[in-house]
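Student: Quick mapping for you: the protein sequence lines, in order, are chains A and B. In this text, residue positions in the first sequence follow the numbering used here: the first is 455, and each later residue adds one. In this text, residue positions in the second sequence follow the numbering used here: the first is 455, and each later residue adds one.
If you're looking for bench data, these hints aren't it; they were derived computationally from the structure. Just so you know, not all the hints are guaranteed correct.
When chains are identical, the list treats them as one kind, so a pair holds in a single copy or across two.
As the list claims (entries may be wrong) - Subject to a maximum C-alpha distance of 35 angstroms in a straight line, what follows is the list of computed DSBU-like cross-link-like pairs (lysine-lysine): (1) Lys622 <-> Lys725; (2) Lys763 <-> Lys713; (3) Lys458 <-> Lys648; (4) Lys622 <-> Lys493; (5) Lys622 <-> Lys763; (6) Lys713 <-> Lys651; (7) Lys458 <-> Lys524; (8) Lys624 <-> Lys725; (9) Lys725 <-> Lys763; (10) Lys458 <-> Lys731; (11) Lys651 <-> Lys492; (12) Lys651 <-> Lys458; (13) Lys721 <-> Lys648; (14) Lys725 <-> Lys514.
There are 2 protein chains.
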Amino acid sequence: MEQKGELVSYRPDIKVVDCTIRDGGLVNNFYFDDEFVKKLYKTNVEAGVDYMEFGYKASKEIFDPNQFGKWKFCDEQDIRSIVGENNTDLKISVMADVGRTDYKKDIIPKKDSVIDMIRIATYVNTIPAAVEMINYCADLGYETTINIMAISTANENELDLALQLLAKSKADVIYLVDSYGSLYPEQIRRYADKYIKIAEENGKLAGIHAHNNQQLAFANTIEACAIGVSYLDATMSGMGRGAGNCYMELLLGFLRNPKYSLDPVLKFIEKQILPLKASGVVWGCDVQYMITGQQNRHPRSAIAFTDEKRTDYSAFYVALLDRE
Amino acid sequence: MEQKGELVSYRPDIKVVDCTIRDGGLVNNFYFDDEFVKKLYKTNVEAGVDYMEFGYKASKEIFDPNQFGKWKFCDEQDIRSIVGENNTDLKISVMADVGRTDYKKDIIPKKDSVIDMIRIATYVNTIPAAVEMINYCADLGYETTINIMAISTANENELDLALQLLAKSKADVIYLVDSYGSLYPEQIRRYADKYIKIAEENGKLAGIHAHNNQQLAFANTIEACAIGVSYLDATMSGMGRGAGNCYMELLLGFLRNPKYSLDPVLKFIEKQILPLKASGVVWGCDVQYMITGQQNRHPRSAIAFTDEKRTDYSAFYVALLDRE
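In isolation and in its complexed conformation, chain A is listed as follows (with noise of 0.2 angstroms):
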């Protein structure tokens, strides 16, 4: 395993991926104040952020409109309604669950729609039919990722033959991600050289999405860069599902692009992320989230020991070691 660039110089395939909206938005069920993303988008666009991603393209026969915040569903009106005509360097992406988007019907054209990339979350199970909304969208001329998740707990010969499929599928950038928060650095750094080479032999790049559950997302999202992987996900605050997301306040100090600007983010942080979480939105790093990351365990039982507002973690902690 080499490593790609030093920390003094920087590398132009890196990009930075804003997912504060749509990670976030399974904080708070996609329920934020148009004038938190219109600073959000502003924030983005200020900092020299690559893509800001708004949300979900969620079925609105699978999830109920009522039920969710706009961003869960990210009408093009909505998007276009905060961000105009965008004409910025920012880009704009929204997420796409296989099996949880009407993808046919929902997405349009990409000369007709503000957004630029889509991003396809996928389990190693239904990798063909992540093959099929992949080249469906790159067709319709939007840059395409895939994003296959649990693969902490996914057979590895069953990834390598899900790889080995998506090598040939029109996407544009292969996403590692950490769903659990429960891979180490040098886990990490072994995922991300199998990713790198398969997307390197197919004109790809890489990308990487962690989680914070073990305090590793920052670390393991710059250890997975330092080998090579160039698209890089984080959330302001590290606002996120459970324990959160990489950083982005992290993120933006450590890389070297002169594009990138710490300064808007920390404003942003000051303005709209303590207020935030002052009215009771709760996300990061605790306990409940270190054990299931520990365990390898997808975050749900955490979930709702922080909803009922527990702190009995060695009677958690016992629970769980049950596996039966």
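Here the structure of chain A is known, so what remains is to put chain B in place on it, guided by the hints.
Tutor: Just chain B, lined up with the frame of chain A:
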């Protein structure tokens, strides 16, 4: 750089050092209830932790005993009031700062003390005094370590010369210390490799003490460990000056030696750390510490910012950019 050991097995050379009272004492001027310290001792014994550091051996000529709790001074009888004869596998450590310890007066022969290890903390410019202290303590019968602080602002040529002098001392362990929480994993690996090589050539071991300004204390600790560092510092819930340290609960969850047990630590957090935090004792990652870490600066300005309950991160950042 070669990896030593892998994730599934364990290395018997690894020792975990709990610094909760010593580094955490920098947060509350060493005013811990005896109850807290006794419970911590019991927790460390039950968790299989190798060393517990009780505090500093500070000079009572330099520091007024009325201004600090007793763990700033670690009188023999105070430690004994917690541990008795310490008939356990947990070893007892104290730290002695070069120039701030009356070591010839305050450090008694090992045969009369319940202390097992003395850790000497120095800057690069006080190495000769450090060597004198190391050898004095070693001759009294103690295990000794040398902890070189603030290396991220030291001249690397001078650091190399310092390491050569320390290599000839009687220190058992040479510690890599990231005082400002400014070092990234790739830098930590490079430094660790340097320390390990010098330690190995001279029959010593290497240690690491990391700070969490950039949420890298745990990552840097396990990365240093993976390439061969043996002594790993941690504190309960990361309690320590400013952004704090590597979390004990993360570290014990990572290590695979069956002697370590996470559950007593989880109970301690619930019963002791949560009330301590609720009482108003503040430490941990926050934007201001990230900023001093990114800028490789002493955290004192961030500590003042915290004490004043400020949240104007951008103003703090801009003020710190002016290095004149």
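Student: Each of the hints needs a verdict: does it hold here or not?
Tutor: Hint by hint, here is what the structure shows:
Taking the closest pair of Cα atoms, Lys622 and Lys725 never come within 35 angstroms of each other, the shortest separation being 45 angstroms inside a single copy and 54 angstroms across copies. Taking the shortest Cα distances, Lys763 and Lys713 sit within 35 angstroms of each other only across copies (32 angstroms), while inside one copy they are farther apart (42 angstroms). With identical chains, the CA atoms of Lys458 and Lys648 are at most 35 angstroms apart both within one copy (15 angstroms) and between copies (22 angstroms). Within a single copy, Lys622 and Lys493 get their C-alpha atoms no closer than 39 angstroms, and across copies no closer than 59 angstroms, so neither meets the 35 angstroms cut-off.
Taking identical chains as interchangeable, the C-alpha atoms of Lys622 and Lys763 are never at most 35 angstroms apart, the minima being 47 angstroms within one chain and 54 angstroms between chains. Within a single copy, Lys713 and Lys651 get their C-alpha atoms as close as 28 angstroms, which meets the 35 angstroms cut-off; across copies the closest is 39 angstroms, which misses it. When the C-alpha separation of Lys458 and Lys524 is checked against a cutoff of 35 angstroms, the pair qualifies neither within a copy, at 40 angstroms, nor between copies, at 50 angstroms. Neither within a single protomer nor between protomers do Lys624 and Lys725 lie at most 35 angstroms apart by alpha-carbon distance, with minima of 40 angstroms and 54 angstroms respectively.
In this assembly of identical chains, Lys725 and Lys763 lie within 35 angstroms of each other by CA distance both inside one copy and across copies; the values are 27 angstroms within and 15 angstroms between. Proximity of Lys458 to Lys731 under the C-alpha cut-off of 35 angstroms is found in neither arrangement, the shortest distances being 37 angstroms within a copy and 42 angstroms between copies. In this assembly of identical chains, the alpha carbons of Lys651 and Lys492 never lie at most 35 angstroms apart, being 38 angstroms within a copy and 53 angstroms across copies at closest. In this assembly of identical chains, the alpha carbons of Lys651 and Lys458 lie at most 35 angstroms apart whether taken from the same copy (13 angstroms) or from different copies (25 angstroms).
Taking CA atoms no more than 35 angstroms apart as the test, Lys721 paired with Lys648 passes in neither setting, with 38 angstroms inside one copy and 40 angstroms between copies. In this homomeric assembly, Lys725 and Lys514 come within 35 angstroms of each other (Cα to Cα) only inside a single copy, at 33 angstroms, whereas the closest approach across copies is 46 angstroms.
In terms of the numbered hints stated before, the structure departs from hints 1, 4, 5, 7, 8, 10, 11, 13, listed from lowest to highest.
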